[in-house]
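**Student:** Note that the protein sequences, when read in sequence, are chains Y and A. FYI, the numbering for the first sequence is 1 to 302, going by the working numbering. FYI, the numbering for the second sequence is 303 to 672, going by the working numbering.
Simulated from the structure, these hints should not be mistaken for laboratory data. Glycine residues also receive a C-beta, built at the ideal position from the N, C-alpha and C atoms. There could be a bad hint or two in this list.
Some but not every residue of chain Y turned toward chain A, in silico, with C-beta under 10 Å [said to hold, decoys possible]:
1) Leu37
2) Leu153
3) Phe285
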Amino acid sequence: MSMTVRAWLIDDSPSSRLQARLGRAWRICAALMRNPLAVAGAVIILTLVLTAIFAPLIATHDPLKQDLAQRLLPPGAMNWMGTDELGRDIWSRVVHGAHITLVIVVMVAVLAAPAGLVLGAVAGYFGGWTDRIIMGVTDIFLSLPKLILALALVAALGPGIENAVIAIAITTWPAYARIARAETLTFKNSEFIAAIRLQGASAARVILGHVLPLCTSSMIIRVTLDMAGIILTAAGLGFLGLGAQPPLPEWGAMIARGRTFILDQWWVATMPGFAIVIVSLGFCFLGDGLRDVLDPKSGGQQ
Amino acid sequence: MDGGGELKDVAFEPDTTAGAIVTAETKSQAPNRAGRFLLGLGGFVLTVALTFLGLLAITFFIGRVVPIDPVLAVVGDRAPRAVYEAARIEMGLDQPLLVQFFHYIGSVLSGDFGMSVSTGKPVFEDLKRVFPATLEMATIGIIIGVVVGVPMGVYAASRQGSLMDQAIRVVGLLGYAVPAFWLGLVGLALFYARLKWVGGPGRLDIFYDGLVDPVSGLILIDSLIAGETDIFFNALWHLALPSSVLGFFSLAYIARMTRSFMLDQLAQEYVTTARVKGVPERLVIWRHAFRPIRVPLITVIGLSYAGLLEGSVMIETIFSWPGIGNYLTTALFNADMNAVLGATLVVGAVFIGINKLSDVLYRVLDPRAR
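Please model the complete structure; the sequences and the hints are all you need to start from.
**Tutor:** Shown next as C-alpha cells:
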C-alpha cells in the first residue's frame, strides 16, 4: 500500500494538479530528510510551534504569578530554570514566551513578504520608470542600518509588540522586493507569459496568477533565513524596553530584567537567551537546508 | 563581470547592498574608457547622493510625520504653553511639509541637529564627543574578525567536509543566531566576574578616568601620545570583552564568506593544474586560490565593519560604553527625538559611507569590474 502511494507521488507524468503538487512536496521533504541540519532545524521549529500552542500544558507554573518568598531560586527540581526577582518560574515564562516570539515572526512575515513580493514583481514586470522608482526606494532602504532604523521607528511610534512588528516589517521588505524582481526578470520574456498575455490576461492577472507563484520558493528560503534576524531584532527591542511590555514573558525583556542579577543569579538572564539561540539556529538550519533543496544553483557547495 | 555571482553567499546577510549595486552599474557601456569612467563616476556619485537624500527623508519622516505631535516629542509633555508654541514655530511646523524638508536638509548639512533635551547641548557636539568610543571598539572588533575569520574560512574550505569544517560552519551560523546583548552579558558574568580575565564595564578604570587629554578621542591613541602606557593597557583591558563580542559576529560572517569564496576557487581548473604540477598544497591555497578572493573579501569586510558600528548599539548598553549606541538608547528613554534622529543619521551615514567605499575599492582593485 505504502509503495503504491509512493509510486503515485513520484510519478513522472502526474495526471492531476494535486498529484503534481503533492509529488513535488514529497520530493522536497525527502531531500530535506537527507540533510541532518535541516532535520534538526525542522524539529526545533516544530517544537517551537507546539510549545507556543500548548504552552499552558507544558508550563509547570503560571508565568505571571509572583511569589516573593521564592525569588531568585537557582534551577532545581521545582523550578527547572530557577525563578526571577519576583519569584516567577523562568521555565514557564520561557515556554509562554515561545508564543510571543512566534506571533512576532509570523506577523512580520505576513506583513513584509507579500509587500516586498508584489512591489518587486511589479517593478520587474513593468520595467522602465516604474522599476527605477520602486527599486531606487528599495535600494535606499537596503543601504540603511536595519536595527537603528527599527529603533528610531519604534521611538517615534511608541513601544509595544505591534509597533515593534511594524518597525521590523518596514526594515525587512526591501530584501524581498529585490528577490522578487530578480526572479521576475528571469522569466518575464518567456513564452508562457507571452501566451497568457496573448489570451488577453491583464497585467494584474499575469502578476498575481503567474509571476508571483513562481517567486514563492526563493521567497520561502529567504524568509526562513531572515527569521533568525527578525527574532534577534525583536528580542533586542524587547531588551531595550521598546518591544513587549512587562509583565509579558518576552525573551528579550526577560534578559533585560535578569541583567541586574547577572553576576550572582546568572540563570535569570541566561535561560531566555538559550531559547533565542536555539530557535534562531533552528531557522538558520532549516533555511540553509531549504536553499540547498529548492535552489541548488546558489547553494552548490555544502 | 557579475558582482552578484561573486557575492552570492551574501544573500544570507540581511543588510547587503554591494552585490546589487555592482551588478546594476557594470551594465552601462560607454564607447571609450575615459568616457565610461566618467559616466560610471557620475552614476556612482548620483547613487550615493540619492541614498543620503533617502536617509534624510526617512529620518525627517520619522521625526516629523510619524509622531502624533512632533513638538511634544521634542519639548516633552510637561513643557509650558509658551515653550510649546515657540518650539512649534522654531521647528517650522506651520509651513508646508516640503518646505520643512528643505529646511531640515539645510540645517543637517550645516551640522545643526537641534538641541538634545537630555544633555542640554547641541546634538552635533554630543555626537562628536561619543563617536570615537564606538569607533575604537568596532575597529578592534573588525581586526579580531579579520585576523581570526579569514584563516578560519580558508582552513574550512581546504578541509571541506571535515569535523573542523563542520564546526566552523556552526560557528558561522551562530553568528546569526546569538543575540549580541546576551553574549555580552554572559561574557561579562563569565570572563569578568568569575575568571577576572578582562576589565569590566566602561572604557577605563575609574582612577584613570579623565587623565589623558582627548586629542583623537580614541583612548588607545591618546594615551600613547601622552606616553601613559598604564592607561593604554588599562584601555585595552577594558576593550577586550566588548570588542571580542563584536569580533565574534564579524568573524562568523567573514569565515562563512571566505569559506564560500575559497570553495569556488578551489573548484577551478587552474587549481587542479597547479596541484598536478606538484605545487605544495599550502602554496596552492595561499598563493593561487587566496589571491583572487582578496578583492571580494574587502567588500565583505566593509559590510561587516558597517554592521559592527550598528551592532555596537546593543553592546554599548551592556558595557556602559560611552559611545553612540549608549547615547542613542539613553535618548530613546528620555524621548529625546533630536538626539535619536541625530544618532540615527550619523550611524546611517557612516554605514552608507563604508558600504559605498568598499564598493569603490572593489571596482578599483578588480580589473574585471573596471
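**Student:** Next step is simple, just say for each hint if it's right about the structure.
**Tutor:** Hints, verified against the model:
1. At a threshold of 10 Å, the smallest CB-CB gap from Y:Leu37 to chain A is about 8 Å, leaving the interface hint in force.
2. Of the supplied interface hints, the one on Y:Leu153 holds, with its beta-carbon coming within about 6 Å of a beta-carbon of chain A, less than 10 Å.
3. With 10 Å as the threshold, the beta carbon of Y:Phe285 comes within range of chain A, its nearest partner Cβ sitting at about 7 Å, so the hint holds.
Hint violations for this structure: none, all hints satisfied.
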